[in-house]
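Taken in sequence, the protein lines are chains A and B. In this text, residue positions in the first sequence follow this note's numbering: the first is 165, and each later residue adds one. In this text, residue positions in the second sequence follow this note's numbering: the first is 194, and each later residue adds one.
Any given hint could turn out to be false.
Claimed, not checked - Label pairs and their computed distance ranges (CB to CB):
1. B/G368 - A/L252: 33 to 39 Å
2. A/M188 - B/G368: 22 to 28 Å
3. A/T259 - B/L299: 50 to 56 Å
4. A/V241 - B/I311: 19 to 25 Å
5. A/F245 - B/V364: 24 to 30 Å
6. B/G357 - A/Y230: 30 to 36 Å
7. B/T267 - A/L248: 30 to 36 Å
8. B/D333 - A/L263: 18 to 24 Å
9. A/T255 - B/T371: 42 to 48 Å
10. B/L238 - A/N204: 19 to 25 Å
11. A/F199 - B/V296: 36 to 42 Å
12. A/I186 - B/H208: 42 to 48 Å
13. B/T288 - A/M188: 21 to 27 Å
Unchecked claim - If you want the footprint, here are the derived chain A segments under chain B, 3+ residues with CB under 8 Å:
14. 177-189
15. 192-203
16. 213-221
17. 232-238
18. 246-254
What the hints assert, rightly or not - Some chain A residues flagged as far from chain B (calculated, every beta-carbon gap over 10 Å):
19. Y229
20. Y257
21. L263
22. T264
Calculated directly from the structure, the hints in this document are not laboratory data. Each residue gets a CB set at the ideal place from its N, CA and C atoms; glycine is no exception.
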Amino acid sequence: MASEEHRQHVLPASIYVSIWAILMFLTGLTVFVSFIELHNWNIVLALVIATIKATLVVLFFMHLYYSSKLTKVTVIVAIFFLFLLLALSMTDYLTRGWLTNQIH
Amino acid sequence: MATSDIEIAEHALQHHFASMDQQRETSTFGMWLFLVTEIMFFGGLFCAYLVYRWTYYQAFVEGSQTMNIWLGATNTAVLICSSLTMALAVRCAQTDKRKLMIVLLLITMVFGLAFLGIKAVEYHEHWTNHQFPGPNFQFDAAEAAGVNPQNVQIYFSLYWAMTGLHALHMVIGIGLVTWIVIAGARGMYSADYYSPVENVGLYWHFVDLVWIYLFPLLYLISKKHGG
Numbered sequence: 165m166a167s168e169e170h171r172q173h174v175l176p177a178s179i180y181v182s183i184w185a186i187l188m189f190l191t192g193l194t195v196f197v198s199f200i201e202l203h204n205w206n207i208v209l210a211l212v213i214a215t216i217k218a219t220l221v222v223l224f225f226m227h228l229y230y231s232s233k234l235t236k237v238t239v240i241v242a243i244f245f246l247f248l249l250l251a252l253s254m255t256d257y258l259t260r261g262w263l264t265n266q267i268h
Numbered sequence: 194m195a196t197s198d199i200e201i202a203e204h205a206l207q208h209h210f211a212s213m214d215q216q217r218e219t220s221t222f223g224m225w226l227f228l229v230t231e232i233m234f235f236g237g238l239f240c241a242y243l244v245y246r247w248t249y250y251q252a253f254v255e256g257s258q259t260m261n262i263w264l265g266a267t268n269t270a271v272l273i274c275s276s277l278t279m280a281l282a283v284r285c286a287q288t289d290k291r292k293l294m295i296v297l298l299l300i301t302m303v304f305g306l307a308f309l310g311i312k313a314v315e316y317h318e319h320w321t322n323h324q325f326p327g328p329n330f331q332f333d334a335a336e337a338a339g340v341n342p343q344n345v346q347i348y349f350s351l352y353w354a355m356t357g358l359h360a361l362h363m364v365i366g367i368g369l370v371t372w373i374v375i376a377g378a379r380g381m382y383s384a385d386y387y388s389p390v391e392n393v394g395l396y397w398h399f400v401d402l403v404w405i406y407l408f409p410l411l412y413l414i415s416k417k418h419g420g
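Based on the sequences and whatever the hints tell you, model everything.
Right, dumping it as structure tokens:
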């Protein structure tokens, strides 16, 4: 018993296979919906599906769901800084035409 | 911790750690910190993609028409399968199934090589069609579509840079798995000590993650597929 205490929690193999099946399904789905004309919603849908896939990989394949709070905070901070990089860059490019009629 | 467990773990426990738990936690944390730098590393390219896609959207649509969606989708599936075998290999390390772990790692490598093979087919096609940024870049479809070929070239610059950097990570990943296979065959890992297997697994899944975003962003920009 003491031996199991200091070992990491082992997930049943069925969890990995289930996650794999969902990821394969979502890959098919993202290709399928890309053939349907949804205008601006195509990219939104593609990114939502990609983010669901990424979340599943991080939580289960990479065991983040079962990791320590320190590791969880580290990943959340990384996502926050990536968002900061993308969002603050776009505050420049998206607003360039606002004050004059020039686009660039 | 019982005395017998300390004896089992002794060979793997480094003197500067209080326990195997602390050692493993430190190791996982360190690997995640490295992955954070990788996220920001790829993040710069994703940011460049976002800016130029927003600025030259139509040119990006034209560029993405030359992508073979089926090869891209197959490669996505190949990487997901490789992530499954990698996750199961780590599980084998946790449960002391050493032979099965090595078999699963070898299958993971085969998937990794299959990914690079399919990517090479795509690269060859783009290369022979002059879809490589530089003096020989050509994009005849640009004029008919009413876009500047120079802007399509930006799409291809990002395509080669992002998928190229990703492919480099795949090559490094296959190298790391080779190391784990050799060390595993020598009996270096047990249920008490398998941090290298776990960390190479984290790296492998991260590379899969990057592709999960690259595939829709580069291949699935607009529904004009096959047209």
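**Request:** Starting from the hint list further up, note which numbers the structure goes against and sort them upward.
**Result:** Violated: hints 4, 8 and 20.
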